[in-house]
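Asks: Here are the chains, one letter per residue:
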Amino acid sequence: MSKNIQIKVCTGIGGVAAGGEEVFAVFREALSSAGIEAAYGDRCSAHKVGCKGFCARDVLVDVVIDGDKTTYQYVKPEMVERIVREHVVEGNPVSEWIAGDDYEQYYSGQQRVVLSGCGEEDPEDIDSYMRNGGFLGLRKALIEMRPEEIIATVKNSNLRGRGGAGFPAGLKWERSFRVKSDIKYVVCNGDEGDPGTFKDRALMEGEPYAVIEGMIICAKTIGSHSGYIYSRGAYTSSVRHLQTAIDKCYERGFLGRNIMGTGFDFDLRLFKSAGAFVCGEATALIHTIEGKRSMPTPKFWSAAEKGLRDMPTVVNNVETFASIPRIVLKGASWYRNLGVENNGGTKVFALAGKVRNTGLIEVRFGTPLREIVFGIGGGIKGDRRFKAMHIGGPSGGCISEESLDIEIDYEQIAAAGAIMGSGGLIVLDENDCMVNTAKFFLEFTQVESCGKCTPCRVGTKRMLEIMDRITAGKGRDGDIELLEELGHYIKATSLCGLGMTAPNPVLSTIRYFRHEYEAHIQGRRCPAGVCKALITFTILEDICKGCGSCKRVCPADAIRGTRKTPHRIDSDLCIKCGSCFEACKFKAILRT
Amino acid sequence: MRDRNNIEKPLQDLVDDSAKERENIISVFQSIQEAFGYIPEKAVNLVSKRLNVPASRLFGIITFFPQFHLKPTGENIITVCRGSACHVNGSERLLNRILIELGIPPSEDTTDDFKFTVEKVNCVGACSMAPVVLINNEVCGKITFDALKRKIGKIRSGE
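For the record, the sequence lines run as chains A and B. For the first sequence, this note's numbering begins at 48 and goes up steadily by one. For the second sequence, this note's numbering begins at 970 and goes up steadily by one.
Keep in mind that the hints were calculated from the coordinates and are not lab data. Just so it is clear, CB atoms sit at the ideal spot from N, CA and C, and this is done for glycine as well. Treat each hint with caution, since some may be false.
A short list of chain B residues far from chain A (calculated; beta carbon distances all over 12 Å) [claimed, not checked]:
#, residue
1, Asp986
2, Pro1009
3, Glu1010
4, Val1013
5, Asn1014
6, Glu1044
7, Asn1045
8, Pro1074
9, Glu1077
10, Thr1079
11, Phe1083
12, Lys1084
13, Ser1126
Below, a list of computed lysine to aspartate or glutamate pairs in the DMTMM-like style, where the Cα atoms sit at most 25 Å apart [to be verified]:
#, chain 1, residue 1, chain 2, residue 2
14, A, Lys623, B, Glu1061
15, A, Lys187, A, Glu298
16, A, Lys508, B, Glu1088
17, A, Lys339, B, Asp982
18, B, Lys1118, A, Glu68
Chain A extracted, bound-state conformation (with noise of 0.2 Å):
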């Protein structure tokens, strides 16, 4: 009767959205119940954990007992009570829900630093995230360690902005700490607003008191006093997580005036951000907090020096601030040789698309893309072949299958036409047309454009304007060489970071998959049979058994036929929604 058992239900995006919070609401019911409370008293419990990484598999449910731990996946609420009953009152795990070999190996090939809390600790309790050796970082930084020698750590880490750029964070925190100022501040980048990547948020709801200790050791660096966590008010968990360690922080006196009785005060507030992508960039955010039109300024000087109301401002990634406890506490040649030369330490990923095993994944720099898809991703969904690999959201490129030997790497990957950006790894498969994915990146571009410089503005405009004529099918002659014309002048005359990777979906499409873009033009085809314009679908009338269901499911009422008899598509009224062609069990619809 001495056993200790923990019951950690994952309630990360993935998690919740799979239904974790009513699994996590049946668990506690359980274990309330059913004499389990009386037997085992406050040394059994339910809690809810961060995002554990692998949410294809979700709800996934750890249960610990006495260390020993044993992972669910696919949990419903259903499912709890014979869980609860059979693993943990009689002690025999449910075997048949138990997470397989290839959880296992999605795992093995990485290696988790920044995400070792996250999935294990419950993100709301401090007492939690201290257990795992919170805030010992701090301590270390605020009682043993000069602002010089914080700053040296940090440089000889090889840390780098996780945020896409790659710019040394020491080599940003000294600028700033050299400067003399009554007022300097710290401000955190969680505005996280690329599509397709979620690393961020994952890290500001499920350890939120890492993020928040990170900034602290660098307000006492740079010897700061004021601070704003950046979050997207879109995330709504997110801000709320953090709000709730902000003032635990506040009540345990980790910030506000004398932290930890060393007499250094650091005040921490969350700002909502209302949504822009070019919110990311340091300037445009610093005007977003100062109340303005995000719009980017050039900078004559760099934000660590002159930022947020002119004074010296850090403006760092959710990521780069979540490494920092650990760097200070371990060490900072134990980060680097995680990493490789001049990239020092681990890498979040936000693995999504086509792969098998979707999630949050982690690894050390140097690790070969080809073992993130195959590897740990555990190959192309459906076992169609892999296409391409878009790195870095829609300021990225996409890469095919010959570069996928490149390492993860911030030279390796801006060699190959993307950018690490902000870690968003999209797969594409066969089924994926490469000129309609750039065209979807250049849209994006083109709206979030701010519209200051012209180059920007109307060349991501006119480039889109070609795009949309090729994946008409109205393609003319010289439209691939006019795309990396205007794209090399958007890339070489505009201000901000959005403008100047902007074409890159285009540019690295063109470069790497030129025969689609060609296939559209001269053959007036899309080959992935994708792009609408470009496509028909027609009922083969032999094979078309006349069960109905293309009708009932079409959107257009499209389709036309009796019972049992080959139905028709009527061309004029079909809007090549595709939905016939998902719902006939037959395979009796040709997209060509």
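Model the placement of chain B on the given structure of chain A, informed by the hints.
Replies: Relative to chain A, chain B alone:
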């Protein structure tokens, strides 16, 4: 959400409250939108007077951010994620079908009876559950059109 027809007094209170403790214009508009579902023109003028900032500048800020609505929104907000993971998993088709299902004409986003507003969001950060749709902020992952249609039906019938 508060009564839309009688906004003068609550609006005045809200502007006073939020302007007092908030240094930031964006936060003020966020709380106005939270309370009313959109930013009424009256609110802009009130904030302008209260903070002594020209209304034109405030409109500039509001229209810059996709989060802010200047027109009333429906009672229920359906947010379709248009992130890249959702895109490759068919969110565009999903969005088109929702608009057809609800009978929302092109370039509009709200049904005539103000029951539903359909909006797009860049990314909700649930990429591994793509495609994702939020119904009144409840995250629905790996959603199909049929499942969504059932949910819309339930809301319509008042369940």
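Asks: Are the Cα positions of B/Lys1118 and A/Glu68 separated by 25 Å at most?
Replies: 23 Å, holds
Asks: Taking the shortest Cβ-to-Cβ distance between B/Val1013 and chain A, state whether it exceeds 12 Å.
Replies: Given that every Cβ of chain A is farther than 12 Å from that of B/Val1013, nearest at about 14 Å, it holds.
Asks: Would you check whether the claim that B/Asn1045 is not at the interface survives, using Cβ distances to chain A and the 12 Å cut-off?
Replies: Answer for B/Asn1045: holds, closest chain A Cβ roughly 16 Å.
Asks: Take the C-alpha atoms of A/Lys508 and B/Glu1088, compute the straight-line distance between them, and say whether it is at most 25 Å.
Replies: 23 Å, holds
Asks: Is the nearest Cβ of chain A still more than 12 Å from the Cβ of B/Glu1077?
Replies: About 18 Å separates B/Glu1077 from the closest Cβ of chain A, which puts it past 12 Å; holds.
Asks: Taking the minimum C-beta separation from B/Asn1014 to chain A, is that value above 12 Å?
Replies: 18 Å, holds
Asks: In terms of Cβ atoms, is chain A entirely out of 12 Å range of B/Asp986?
Replies: Non-interface label stands for B/Asp986: nearest chain A Cβ at 17 Å, farther than 12 Å.
Asks: Against chain A, does B/Glu1010 keep a CB gap of more than 12 Å to every residue?
Replies: 18 Å, holds
Asks: Starting from A/Lys187, check that the Cα of A/Glu298 is at most 25 Å away, please.
Replies: Distance of about 20 Å is within 25 Å: holds.
Asks: Does B/Glu1044 sit more than 12 Å from chain A, CB to CB?
Replies: 19 Å, holds
Asks: With d taken as the least Cβ-Cβ distance between B/Pro1074 and chain A, does d exceed 12 Å?
Replies: 15 Å, holds
Asks: Is it the case that B/Pro1009 keeps its Cβ farther than 12 Å from each residue Cβ in chain A?
Replies: Nearest chain A Cβ is 17 Å from B/Pro1009, so the label holds.
Checked against the numbered hints given earlier, the structure satisfies every one of them.
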